[in-house]
Amino acid sequence: MIVKRSASGHSATVTALIDAIERRGLGVFARIDHAAGARAVGLELPDEEVVVFGSPRSGTPLMADDPRIGIELPLRMLVWRDEQGVAVGYRDPRELGAEYAVAEHTATLDQMATLLHALAAEATG
Numbered sequence: 001m002i003v004k005r006s007a008s009g010h011s012a013t014v015t016a017l018i019d020a021i022e023r024r025g026l027g028v029f030a031r032i033d034h035a036a037g038a039r040a041v042g043l044e045l046p047d048e049e050v051v052v053f054g055s056p057r058s059g060t061p062l063m064a065d066d067p068r069i070g071i072e073l074p075l076r077m078l079v080w081r082d083e084q085g086v087a088v089g090y091r092d093p094r095e096l097g098a099e100y101a102v103a104e105h106t107a108t109l110d111q112m113a114t115l116l117h118a119l120a121a122e123a124t125g
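Position one of the sequence shown corresponds to residue 1 (my numbering), numbered consecutively onward.
It should be emphasised that the hints constitute simulated quantities derived from the structure, not laboratory data. Please note: incorrect hints may appear among the correct ones.
Label-pair distances were calculated between CB atoms; the ranges are [stated by the list, open to error]:
id, residue 1, residue 2, range
1, R68, V3, 39 to 47 Å
2, V50, G85, 15 to 23 Å
3, A7, A98, 28 to 36 Å
4, D33, Q84, 19 to 27 Å
5, A103, G9, 36 to 44 Å
6, G85, R39, 27 to 35 Å
7, L43, A101, 38 to 46 Å
8, A101, V3, 22 to 30 Å
9, R5, R31, 16 to 24 Å
Below, a list of computed lysine to aspartate or glutamate pairs in the DMTMM-like style, where the Cα atoms sit at most 20 Å apart [said to hold, decoys possible]:
id, residue 1, residue 2
10, K4, D110
11, K4, D19
12, K4, E95
Just so it is clear, the structure is predicted and the values come from calculations on it, not from any experiment. Glycine is no exception: its CB is placed at the ideal position from the N, C-alpha and C atoms.
Please put together the full structure from these sequences, using the hints given.
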């Protein structure tokens, strides 16, 4: 996992991430608030949220070549708070080329990696 530390709090980092995603015309498909889920069952968990986003234009050709990669898509980033502050983490999509039969989509995986790097940089300040 690639991890970038944020200069802001959890809420501000999530907001900056979502703003950066939407500015690029990508869709936010889901926000999974793990801390809220924990609180709902009487447990405590520091702030932790997964943002799921992307564009079918990028992921569909990958899934057409190897449907198994659908477990990895759409793209997602994790924002969490720990004793060191707030962090944004994501998996480098280029690693997927070795796990799935998508070798001919190296350019797409590189573009996804560049996108995630830029989003993390914007979200973390």
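Hint check:
{"no.": "1", "hint": "R68 / V3: 39 to 47 Å", "result": "violated (26 Å)"}
{"no.": "2", "hint": "V50 / G85: 15 to 23 Å", "result": "holds (18 Å)"}
{"no.": "3", "hint": "A7 / A98: 28 to 36 Å", "result": "holds (33 Å)"}
{"no.": "4", "hint": "D33 / Q84: 19 to 27 Å", "result": "holds (21 Å)"}
{"no.": "5", "hint": "A103 / G9: 36 to 44 Å", "result": "holds (41 Å)"}
{"no.": "6", "hint": "G85 / R39: 27 to 35 Å", "result": "violated (21 Å)"}
{"no.": "7", "hint": "L43 / A101: 38 to 46 Å", "result": "holds (40 Å)"}
{"no.": "8", "hint": "A101 / V3: 22 to 30 Å", "result": "holds (29 Å)"}
{"no.": "9", "hint": "R5 / R31: 16 to 24 Å", "result": "holds (21 Å)"}
{"no.": "10", "hint": "K4 / D110", "result": "holds (19 Å)"}
{"no.": "11", "hint": "K4 / D19", "result": "holds (17 Å)"}
{"no.": "12", "hint": "K4 / E95", "result": "holds (18 Å)"}
The earlier numbered hints that this structure contradicts are 1 and 6.
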